[in-house]
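**Q** This is what each chain is made of:
2 protein chains.
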Amino acid sequence: MRTVFWDYETDEFKMIDQRRLPGVFELSTYQDHKLVAQAITDMVVRGAPAIGAAAGFGLALAANESSAVKFSELRADLETACVVLKAARPTAVNLAWALDRIMREVAEFEGSPVELRQSVLESAQRIADEDVEINKRMAEHGATLIEDGDTVIHHCNTGSLATVDWGTALGVIHTAWEQGKKFHVLVDETRPRLQGARLTAWELDQYGIPYDIISDNMAGYFLSTGAAQKCFVGSDRTAANGDVANKIGTYMLALAAHDNGIPFYPVVPTSTIDMSLADGSLIPIEERDPAEVLELQFQGEQVAPVEATARNIAFDVTPNRLVTAIVTENGIVHPPFEENLKKVVESYSLKA
Amino acid sequence: MRTVFWDYETDEFKMIDQRRLPGVFELSTYQDHKLVAQAITDMVVRGAPAIGAAAGFGLALAANESSAVKFSELRADLETACVVLKAARPTAVNLAWALDRIMREVAEFEGSPVELRQSVLESAQRIADEDVEINKRMAEHGATLIEDGDTVIHHCNTGSLATVDWGTALGVIHTAWEQGKKFHVLVDETRPRLQGARLTAWELDQYGIPYDIISDNMAGYFLSTGAAQKCFVGSDRTAANGDVANKIGTYMLALAAHDNGIPFYPVVPTSTIDMSLADGSLIPIEERDPAEVLELQFQGEQVAPVEATARNIAFDVTPNRLVTAIVTENGIVHPPFEENLKKVVESYSLKA
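Same order as they appear, the protein sequences are chains A and B. Residue numbers for the first sequence follow the numbering used here, beginning at 1 and rising by one. Residue numbers for the second sequence follow the numbering used here, beginning at 353 and rising by one.
Think of the hints as simulated: they come from the structure by calculation, not from any bench. Take these hints with a grain of salt, some might be off.
Said to hold, decoys possible - Capping the alpha-carbon separation at 25 Å, the derived lysine to aspartate or glutamate pairs in DMTMM-like fashion look like this: (1) B:K533 x A:E307; (2) A:K86 x A:E147; (3) B:K695 x B:E659; (4) A:K181 x B:D502; (5) B:K534 x A:E307; (6) B:K386 x B:D369; (7) A:K70 x A:E110; (8) A:K181 x A:E133; (9) B:K488 x B:E474; (10) B:K366 x B:D452; (11) A:K182 x B:E659; (12) A:K136 x A:E147.
One chain only, chain A, in its complex shape:
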């Protein structure tokens, strides 16, 4: 089952509610694009490619919701819906990328409002379908980097749940495993929302890939003692120079890899590369509710004092000097990134 999908029998949009996993597997159903935006904010769905696809389907819902009879009215309603959906989360560029792509198609569309509604859904479906195909291509490229006997460190969740299906960094790991390579995964638990301990561990269990969960701050120990040979992460937005915004903690992991000469590989669909931003300092970084840090329980009791305050930064930027190579669906990109990312993104644009 895909993480996000359109149900053509009921004309509804459905997503796996990732907040409940691994304890509860539950589908959420949407008929209202505003509720999709809220669900993205609340992290019912997360992972840059998955929220891009979810936003696309959200726009298809908005098209259905609109009672506009004129083409121009429907387009205006879609523009309004885009504003709502884009505001759901700031860092992952895929959200804006998917919506902008559909709206470009809307701008060029010729036909009736009824046909346009159908066209928006087809565009959203195409983005979802392409995501799976792109992930598989990235995984084929990335899997060449994993060798028998490796221990690889993985941050956050970048698997099927973070995408429409298959995954980015975890897709690489999954494909390498299916190719028969034998290796071990150290799963950063990924505080504060614990996507590693909850979602990546759950996915690895399903694939039968051996792993151990570690707290994020243990990665340096394994890297410095020779117990880990590679790091694979995703990205929520990568700047034109190869600076990689990703889940908080990625920068410290990259530092530890770099300090020990261990390769550090972001696995990044070209849709996540934002050529409009010269470097990572321009990427908006989301700060979320401190409750996500504070509401942790241990042995049945809240950990922090009841009056405690917290900060909750959701992403950080790993400078390109710490990045060994970036895996994309168009191949593995080596430094200099400014020059070489441009090539893979342009080759993508030509194909799209």
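Given chain A, work out where chain B should sit, using these hints.
**A** The following block gives chain B in isolation, referenced to the frame of chain A:
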């Protein structure tokens, strides 16, 4: 109240049970040195100076427990008790340091077994009293490093609870605050046992020092964006060359500080400096029960899948090249550490 202390009314050893804080403040009482060793293993008490003092009082209990009538028999019983107590935890050198110091005094002792029992207790009490005095002296030196308007990052708990009283790194912060300096503390929650979110936050609340809890993996964000100006940590064992073993995550914090030119200061009593070890690679690193990583609850549910496995490394080694200066009770030690640590340790030995 001290974290560990001898109750002279009941002739019992008492400790604050740090596993229950901040929810429950409870004293545990000990009459049996084996139970003290177990309590150290179970982390009823933690923090290198505190477990050193606890081991000393544990040896005083062992002296009382022994029914030996001959001096040599009592000494043999104490030797056996030392083996039990030293095995409680491997990384913090203070455990062995305190016991070795008392046993050297035992070796030189002349008197009856009854007098020896009294002498062991006096030795343990002296270690505890000195710890408080040493912490205050370290704090005076270290507080000169904090300036008005600073935001400082602190890892684990190094406060009153980690020592007999006052603290090492947190003692520095406490003293700077009492001197009237105004600053903010970012408290690494310190997975997996969350000593920062539980204990440091609780102490800072009591002192009225403003803070925010962050997950450990957020420190790099604050350091790289100019939002933090200094890092203060403790140490469980520092090698002769200034390599610092401390709570897991310290190495990654030091990397992030170093990458941004931010000073990184371990606050280390000379009792924690192990001149017998040339470098940090020789420091034994404890690996604890994976349950400490896995048993985390979030919104009432266990986070990890029930079948998940984990690794739980308790300490890491920060190489001396990442250390700006080491704060000791005998002054602030700058590189080259191999040469300069020797001087402060020798000056300590002369005074002891």
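**Q** All the hints need checking, so say for each whether the structure fits it.
**A** Taking the hints in turn, this is what the structure says about them:
1. B:K533 x A:E307: Status holds; Cα separation ~23 Å.
2. A:K86 x A:E147: violated, 40 Å
3. B:K695 x B:E659: violated, 52 Å
4. A:K181 x B:D502: Violated, at about 50 Å.
5. B:K534 x A:E307: Within the cut-off at roughly 20 Å; holds.
6. B:K386 x B:D369: Answer holds: K386 of chain B to D369 of chain B is near 17 Å, not above 25 Å.
7. A:K70 x A:E110: It holds: about 12 Å lies between the C-alpha atoms, which stays within 25 Å.
8. A:K181 x A:E133: holds, 22 Å
9. B:K488 x B:E474: holds, 21 Å
10. B:K366 x B:D452: holds, 22 Å
11. A:K182 x B:E659: holds, 20 Å
12. A:K136 x A:E147: holds, 19 Å
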